[in-house]
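Following the hints, put chains B and C in place on chain A, whose structure we already have.
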Amino acid sequence: MCSDFRVTEGTGSEMHALISELYPICRSITGNGFRRTMEIIRKHIPIEICEVPTGTRVFDWVVPKEWNIRDAYVKNSKGEKVIDFQKSNLHVVNYSTPVNGGFSLSELKNHLFTIPEHPGWVPYRTSYYKEDWGFCLSHDEYSKLEDGVYEVFIDSTLEDGHLTYGELCLPGERSDEVLLSCHACHPSLCNDNLSGVSLLTFAAGAIASLPRKYTYRFLFIPGTIGAITWLCLNGEKASKVRHGIVVTGVGDAGPLTYKKSRRGAAEIDRTAVQVLKDSCRDYKIVDFSPYGYDERQYCSPGFNLPVGRLSRTPYGEYPEYHTSADNLEFIRAQDLEGSFSVLMEILFALENNGTYLSTNLKCEPNLGKRGLYSSFGPEQLAMLWVMNLSDGQNDLLDIVERSGMGFRDVLRAANLLAENGLLENRASACSPINQSSPQAQGPTEGK
Amino acid sequence: MCSDFRVTEGTGSEMHALISELYPICRSITGNGFRRTMEIIRKHIPIEICEVPTGTRVFDWVVPKEWNIRDAYVKNSKGEKVIDFQKSNLHVVNYSTPVNGGFSLSELKNHLFTIPEHPGWVPYRTSYYKEDWGFCLSHDEYSKLEDGVYEVFIDSTLEDGHLTYGELCLPGERSDEVLLSCHACHPSLCNDNLSGVSLLTFAAGAIASLPRKYTYRFLFIPGTIGAITWLCLNGEKASKVRHGIVVTGVGDAGPLTYKKSRRGAAEIDRTAVQVLKDSCRDYKIVDFSPYGYDERQYCSPGFNLPVGRLSRTPYGEYPEYHTSADNLEFIRAQDLEGSFSVLMEILFALENNGTYLSTNLKCEPNLGKRGLYSSFGPEQLAMLWVMNLSDGQNDLLDIVERSGMGFRDVLRAANLLAENGLLENRASACSPINQSSPQAQGPTEGK
Amino acid sequence: MCSDFRVTEGTGSEMHALISELYPICRSITGNGFRRTMEIIRKHIPIEICEVPTGTRVFDWVVPKEWNIRDAYVKNSKGEKVIDFQKSNLHVVNYSTPVNGGFSLSELKNHLFTIPEHPGWVPYRTSYYKEDWGFCLSHDEYSKLEDGVYEVFIDSTLEDGHLTYGELCLPGERSDEVLLSCHACHPSLCNDNLSGVSLLTFAAGAIASLPRKYTYRFLFIPGTIGAITWLCLNGEKASKVRHGIVVTGVGDAGPLTYKKSRRGAAEIDRTAVQVLKDSCRDYKIVDFSPYGYDERQYCSPGFNLPVGRLSRTPYGEYPEYHTSADNLEFIRAQDLEGSFSVLMEILFALENNGTYLSTNLKCEPNLGKRGLYSSFGPEQLAMLWVMNLSDGQNDLLDIVERSGMGFRDVLRAANLLAENGLLENRASACSPINQSSPQAQGPTEGK
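Residue numbers (the working numbering), protein chains in the order written: chain A, 16 to 462; chain B, 16 to 462; chain C, 16 to 462.
Worth flagging that the hints you see were computed from the coordinates, not collected in a lab.
It is possible that part of the hints are untrue.
Copies of one chain are not kept apart here, so a pair can be met inside one copy or by any two copies together.
What the hints assert, rightly or not - In silico BS3-like cross-links for lysine-lysine, where the CA-CA straight-line distance does not exceed 25 Å: (1) Lys384 / Lys58; (2) Lys159 / Lys90; (3) Lys377 / Lys80.
Owing to the predicted nature of the structure, the values given are computational and were not obtained by experimental measurement.
With the rest of the complex left out, here is chain A:
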């Protein structure tokens, strides 16, 4: 057992606090809001902040112009601000071009967006790849707008600049990597995806202090274009990804949902399934589909990385999705903590999986003479399973799957047997903790 990977109770509140700090910032796929977000994260973990210039060709795409915004409002003929960016950055369509002028109500309405079914909520809208401007507001406010001339002002810039992202590598004993990725480009939206940002920040903080077999790479990137950019510029690193998870929407009250990688039965997929099964929580397992978050890019056929996705209620299946109702009240500390806990349990299982060889392949060993035989119970049974299946062909995950027992139970049995000389480590499992520094990386060991 490399280390414990257990989450300290109460961490959920700290995660929620970080989200509260990040919430007011107007993020987009580029710009200063994203940069400020990275700087706040850097107060917790030593991410490298990377900048990729506008115009850089990344596969079929081009890094867009950088967008920044200072202020925006709509004033009615009485000079009252009927829409005000300072109250919520959701009011401005993300990537809106600058405007300053008068518009009749009917002209203005072409640029207004509401959610009639939820008249009190403000929608979240973007216009990344079409130069345009617009405002989002609640349908209630929209209904109050009277005829007249409106002063529309958006103090934004859309200019050559950079796409920013944050990256952190925590080297482990081995050079093959676990990729943990989240999108961090959404403005004042909590579940999608400050929850993911916060979870990975805390995960990185925890893992940094733990001995570990794998190297861990954390990405805080703008959605889609960020993943494409990173993959294009980091082919070498991508080739080292042995397991990966995209983390998003992990703060709502819905059941934890693991979406399998395109491979469908990669070790990460099998591990996540077993951990969720054993978690005593409601959960769902869904098959890969090419729609979703950045797993779309990681699982594109030319990469086909073993990258799944951990969420709670999937996007679009909760009405608050992409609205002002995805706010600080929508997410709860306890749910953030539960998600964190399951992620760490998955990583724990990946870390501690390994193939052992029983030293008694022919017939059971005499457990009694070693003091390992007690009244029959789950511990005894786990030992029998580990001994019976440790023929060099099955790793602990195979034993978990076949026995139906939990990973920690199987691991505990394996450790007990190994301590008593009844099991030999076949090198792919985690080495003892008190070993050489995790910074010293060996060559990549593929499976």
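Here is chains B and C on its own, set in the frame of chain A:
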């Protein structure tokens, strides 16, 4: 997309009309009734009428003597015809030897067949391989027969002659073939199998006018002995069969039923399953069994051809089966048309299946800049699936199976992507319509 | 068909009678009780009684000292025997060391065992690997014990001696073996496992008189240490085991339960599943787990023999398990007979399984001309299945699985076809009965 393969509404009535024309003819596994049937079909499609001499050895069998019948009746002692072949050819046991003589009622009864459970119906009986004679009649009529001497007359011949069958080959771009086979040896019975005869006649007519990838071969044969004869004499053609369907019993009101080939997961099997799943009709899929129609021969182990069967209610599961109640009222134009439509949809999918290669294997392409990005819906999702799985390993059928989308939706997406340069055809799919004449056959391209 | 393997009605009573004869003997994993048991079995079948000296190293274990007991009791201060070994050998903890002395009630109680939930029953306890002594009694009797000094007497010996087991080999045409094993070390307990002992005694008696393809090896051994000892000393024989079953707990009223071998889909597993499915009895199939009886050793990874287990209610799932209530009334002749019958049916299927080759691979043969064509029914269908699948790749068990028909139906069809020259035996099935003596063993024919 080669062509549409959609069935024109109203075709069911034409199919029913052809059945009505064929219905009165006294067919058998040999003889002039079968020949006349072929000649009527030849008014619709240019089948070749083939004749195989009596005595020809075909595997374990021998082509039997040819049977012909002109008239038959049973007269009571008053000279009244109590059974009359002119009223229905079902009244004479098929392949009855000639008779002319007087019989007591009890002698006669050894040669009479009825269906006591359906006293108004006349059964259908044959005696192909045992020389004998007999009459079939309703149990009601049978019950009225009084003691006395009956004059029995059967003006038939059983002599050396030929086994007749009809064959039509419609060459396509490729020399590998789709085999469509039906038995045409039953006399006045509509569902079994004038429905199949009519459907394949109309299918041949439709396909003849469509550009096509595959060569299509249509067989109108006597059941069992016809399939055995054809397979024995046409080993070369049989070896080119890449997909095949036996069509029978497709005019009743039951759900469409696809019986898988012996292979179980041949492309024809997988295609038929997907088409039926997507057809919004009731349907059944049944596993191969060695009992049934001519799929028994096509799927015998020495051939093991990928030939399934399309029916509605399987034989023997409806009481009208092999009785006079399988008449022109038992089958309906709308059901014939529905069956035709599904067959054509299966052929359409076979024609248009193919393996493509995405031109953007690494990360998704930018759909927006090509005008392919719209609000998310099934079309968008189908494009994502096609791009994600088109790594050269998956054909469209694989994509249909994994995505759960319909074949036409997936194909439409593939075409749209191909038109926009995002997908390359890997040669096994259908070529463009405006290509070289379909008569020019290239060498066989196996999979 | 080698032979019938059907169980004569009424055998259950004889099985029960043998159990009654063995019931009073105080057996253990070594000693004279086990020897006497073997001698009684030898009156039925010619087992060899093998003796392995104390101290023999067998893999990770050592053959223990031999335990024998002549008498034991506990007397109260009035000199009354309150616990008496002569009334039931369960009263003494098996492997108790000798004792002779006075004990206060509280001292004595440290050595007493009861079942409070079943106050009328005496538990069964052992202390094989820890030198100790003890008594078992009903909780009712225990509750009556009054304060005072008790005279405790156990006239046992624990000395160097031997581990005894019985073995019988019935050679067949082939040298590969069917292993049938039971533990015979339990004292006055009927279901666990005199039922297994009796069943294998009768099975050996029956098989001895039947022509057979396989060589049969019967083991009557002490649990765990017996299997380990046998496997250690008989590696050569173990390597010849092609199929095997551990038989235990086959006399209670519960449904027959087959536990699969570690391989999970060995021929024995597939055969047992099909026989039970076709048995018209309640049954259960359970997956392998490394907990249970001697299948633990046979299925240890270094052997991984295709050995399953046949039981009724699994150990520990009935309250009478390992108590005095597992007595002569708990087991019934009819259930013993039913278990015997299913075991023999499994062996029958193993004996008669084989791969055939149809002599008519291309198209069906003409059954009619051979008199094999009758009105359609299961027999006809079985012939069609056998012919269709006998392409040299499928054995009869494959045909049973795919057709859903019973083994005997499929075999009957195969025999009928073979008699008519329509099927050739491909050597792995059983040879005709009237062949050379089964004693003449050929070289091992592995699969």
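Here's how the hints hold up against the structure:
1. Lys384 / Lys58: neither (55 Å within a copy, 38 Å between copies)
2. Lys159 / Lys90: within (13 Å within a copy, 96 Å between copies)
3. Lys377 / Lys80: between (67 Å within a copy, 23 Å between copies)
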